[in-house]
Each structure stands twice: as C-alpha cells, then as structure tokens.
Amino acid sequence: MKKFFVAVVLIVLFVAQTALAMTFQSPVKIGEIGFPAQAPYHGFIIDGATSNDGTPYREEVGDVTTYKIGTARFGELFCRYDFDADYLDVMDFGGANDFVLSHNASFKEIFRIDGDGLTLYALYHNYETTDLKILGQRGGKWFVFVDSKKLSEKYFGGNDGYKLDGSVIYDMPTCAGDTIIVTYRQWHWDGASDVQGEFRFTWDDAAQNFNVAQIVY
1 MKKFFVAVVL IVLFVAQTAL AMTFQSPVKI GEIGFPAQAP YHGFIIDGAT
51 SNDGTPYREE VGDVTTYKIG TARFGELFCR YDFDADYLDV MDFGGANDFV
101 LSHNASFKEI FRIDGDGLTL YALYHNYETT DLKILGQRGG KWFVFVDSKK
151 LSEKYFGGND GYKLDGSVIY DMPTCAGDTI IVTYRQWHWD GASDVQGEFR
201 FTWDDAAQNF NVAQIVY
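In terms of the numbering used here, the sequence shown has 175 at position 175, counting the first letter as 1, and numbering is strictly consecutive.
Hints in this document: simulated from the structure, not taken from any laboratory.
Keep in mind it's a predicted model, so treat the numbers as computed, not measured.
For each residue, glycine too, the CB sits at the ideal point set by N, CA and C.
Be a bit skeptical, because a hint or two may be false.
Derived DSBU-like pairs (lysine-lysine); straight-line CA-CA distance at most 35 Å [as the list claims (entries may be wrong)]:
(1) 133 with 68
(2) 149 with 133
(3) 150 with 163
Restraint ranges, calculated between C-beta atoms of paired labels, are given here [to be verified]:
(4) 57 with 87: 17 to 25 Å
(5) 157 with 42: 37 to 45 Å
(6) 127 with 42: 33 to 41 Å
(7) 195 with 57: 35 to 43 Å
Please build the complete structure, drawing on both the sequences and the hints.
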C-alpha cells in the first residue's frame, strides 16, 4: 500500500510539472512595418495592424499607402513611429505606455509566438543582413528577451553588418516545446552559407527569462 501511495504521488508530481512546462507554438506572421530598402516612398509601409492612427499617404509609385507619424498596434504590441526622426531611432516598440525597444527604419516582419500564459512578438529584418528582436511582457512589464545584435557581439565579435562578407546572419525562429531555436549562417556576396549552428532559448519559469545555449554544427 505504501509503494502504491508513493507511486501515485510521483505520478501526480510528474503530471503537474508537465502541465506547468512552457510550450511555444510556431511563429505566426501578423504584420509588417518599415521602409523597404531603396524605396521611393515618403513614409513607412504598415500592414496587418489592428489599429493605426497615422495619416495615410497614397504613393504615386507602386500603388502603395504609407504613413509618416503615428502609433500602430499589432495585437498587444504597439509601435510608435516617426518617419522624419533620425533613421536609427524612428520606431519604439512595447506596450501602449511601456516602450522598451527603439529601432531603425528598416523593413520588418512581425510574428506572434504564443506560449502558455506568455505571448511573444518577433521583429525580423532580412536584407543583405539580418536583425531579430523578440519581446513580450514579464511581470506586467515589457522586456526584450532576444536581441540578435547582442548575440553577434557576444559570440561573433560583432561581425554583423550590412553587406559585410562573412558576417553572421540569423534565420527566423522555430519552436520546440519550451525552447525557441534560431539557426545562423554567414553572409557572402555569392550567397548565404549552409547553417553553421543554432542558439537555443529555453524558458526558465523561475527566472521568467530564457537560458541561452549555442550549438555549433
């Protein structure tokens, strides 16, 4: 009877731990924002926003609508933008009153990554270089969990730049259980290399953050 009771307790603990484990769903594209490289536009392209208070401008070239200044919302992610501000600091991302990331004007795809009680948003730029940011709320406050530029500084000596031969570039994230996986390559003038490794961001519920591990292929 005692062995049976112990077995039941262990099973209950295992089920409880399994139920509490974070599970991330595959990223889903929900929008786009930014200025396409070499575009002849007078503002930002904004697509997929659930709201946008900017004034639309119909471009003569490309049959495109752009926006100069305003705030766009993608789910719970807000972006405050100003086309006429400095190129390196024209967009702020985060909550409605909790902007935690300033970003440049580069064109970005926006993805939502749903977890158990945690929704993340990935901003991904890919044009002769890459830039990946993943942010979301932690304890009611917005936080940048993944910044590819910081990864490049720590693991590749900052070898990460526009049309920089041999520089590191990152693929879009994929998810496996409680882990977000980002593979990486090298950019070359004749094309990107094969995948050379990956970063694994595994959710730590106690820390409310990710543990980071690099795997070199």
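Now for the hints, and whether the structure bears them out:
1. 133 with 68: Answer holds: residue 133 to residue 68 is near 23 Å, not above 35 Å.
2. 149 with 133: holds, 9 Å
3. 150 with 163: Holds, at about 19 Å.
4. 57 with 87: 17 to 25 Å: holds, 19 Å
5. 157 with 42: 37 to 45 Å: holds, 38 Å
6. 127 with 42: 33 to 41 Å: Roughly 20 Å apart at Cβ, these two residues miss the hinted range, so it is violated.
7. 195 with 57: 35 to 43 Å: With a Cβ separation near 41 Å, residue 195 and residue 57 satisfy 35 to 43 Å, so the hint holds.
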